[in-house]
Amino acid sequence: SQKIEQNSEALNIQEGKTATLTCNYTNYSPAYLQWYRQDPGRGPVFLLLIRENEKEKRKERLKVTFDTTLKQSLFHITASQPADSATYLCALPYSSASKIIFGSGTRLSIRP
Amino acid sequence: GAVVSQHPSRVICKSGTSVKIECRSLDFQATTMFWYRQFPKKSLMLMATSNEGSKATYEQGVEKDKFLINHASLTLSTLTVTSAHPEDSSFYICSARDGFNLPLHFGNGTRLTVT
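Protein sequence lines, in the order shown, are assigned to chains A and B. The first sequence lines up with residues 49 to 160 when you count with this note's numbering. The second sequence lines up with residues 18 to 132 when you count with this note's numbering.
Since the hints were derived computationally from the structure, they do not count as laboratory data. There's no promise every hint is true.
What the hints assert, rightly or not - To give a feel for the contact side, a few chain A residues facing chain B, derived at Cβ under 10 Å:
#1 Ile52
#2 Tyr76
#3 Tyr80
#4 Gln82
#5 Gly89
#6 Pro92
#7 Val93
#8 Glu100
#9 Ala134
#10 Leu137
#11 Ala139
#12 Ser146
#13 Lys147
#14 Ile148
#15 Gly151
#16 Gly153
C-beta: ideal position from N, C-alpha, C; glycine also.
For reference, chain A alone in the conformation it holds in the complex (with noise of 0.2 Å):
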């Protein structure tokens, strides 16, 4: 079956550096992929979404890359801020492709 892995359940960074996270699928080929933030107790916000025919997306301080061979998608937060301290989800659609499945998400904390 389709499974969607965020490695690293939590990541803890110093602003200023670099935050990048890991999405890992397997089991099919997904036509794309999107990342969204969660802040808690809200509803998850899109950020970015990159199309298998695409290497990298950028957006601001944000990048994403899609490795189709690897099955693999990492999300950059380039200059972090404690403002961008939040659980980033990834998001891949299902094999019927009218819904969207998540990974677990990564709880990421930067510190002043």
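Position chain B relative to chain A; hints supplied.
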């Protein structure tokens, strides 16, 4: 744009009662809405997919008679937790899709506590 409003944000109910949660797309037509459940420090678990005007499709292990979903219009879907029990206490989140467009737009969730 693309705002999804979910109501109520918090609800406390007694065991055995039913609770209705509303999810509205405010500025777009949502042909498809999704209902998720989230336990503390866990990811979103898809419960069901609802399409306007048709019956919802439930994920394996989700009781359709327990979690009633209605998607009567292009801007409103409701989730009713029937005969709630303490184990139904959770964070329920809806999301909506504007046609086949991405991304999903999420409501801010409903914290249900069953006493």
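Against the structure, the hints:
The restraint placing A:Ile52 at the interface with chain B holds, with a minimum CB-CB distance near 9 Å, inside the 10 Å limit. Here the hint on A:Tyr76 is broken, as its CB sits about 16 Å from the closest CB of chain B, past 10 Å. Here the hint on A:Tyr80 is kept, as its CB sits about 7 Å from the closest CB of chain B, short of 10 Å. Because the beta carbon of A:Gln82 sits about 6 Å from the nearest beta carbon in chain B, less than 10 Å, this interface hint is met.
Satisfaction of the interface hint for A:Gly89 is found here, the shortest Cβ-Cβ separation to chain B being roughly 7 Å, below the 10 Å cut-off. Hint status for A:Pro92: holds, given a least beta-carbon distance of 5 Å to chain B, under 10 Å. A hinted interface residue such as A:Val93 counts as satisfied when its beta carbon comes closer than 10 Å to some beta carbon of chain B; here the least separation is about 7 Å, so the hint holds. Using the Cβ-Cβ criterion of 10 Å, the hint placing A:Glu100 at the interface with chain B is not satisfied: the shortest such distance is roughly 14 Å.
This hint is violated: A:Ala134 has a C-beta 13 Å from the nearest C-beta of chain B, more than the 10 Å allowed. Taking 10 Å as the C-beta contact cut-off toward chain B, the hint placing A:Leu137 at the interface holds, the least distance being around 6 Å. Because the closest C-beta pair between A:Ala139 and chain B is about 8 Å apart, less than 10 Å, the hint holds. Checking A:Ser146 against chain B by beta carbon gives a least distance of about 7 Å; that is within 10 Å, so the hint holds.
A least Cβ separation of about 5 Å between A:Lys147 and chain B falls short of the 10 Å threshold, and the interface hint therefore holds. Among the interface hints, the one on A:Ile148 holds; its C-beta lies about 6 Å from the nearest C-beta in chain B, closer than the 10 Å criterion. Below 10 Å, beta-carbon pairs count as interface contacts, and A:Gly151 has one with chain B at about 6 Å; its hint therefore holds. The closest approach between the C-beta of A:Gly153 and any C-beta of chain B is roughly 5 Å, which is under the 10 Å cut-off, so the hint is satisfied.
Hint check: violations occur at hints 2, 8 and 9; the rest are consistent with the structure.
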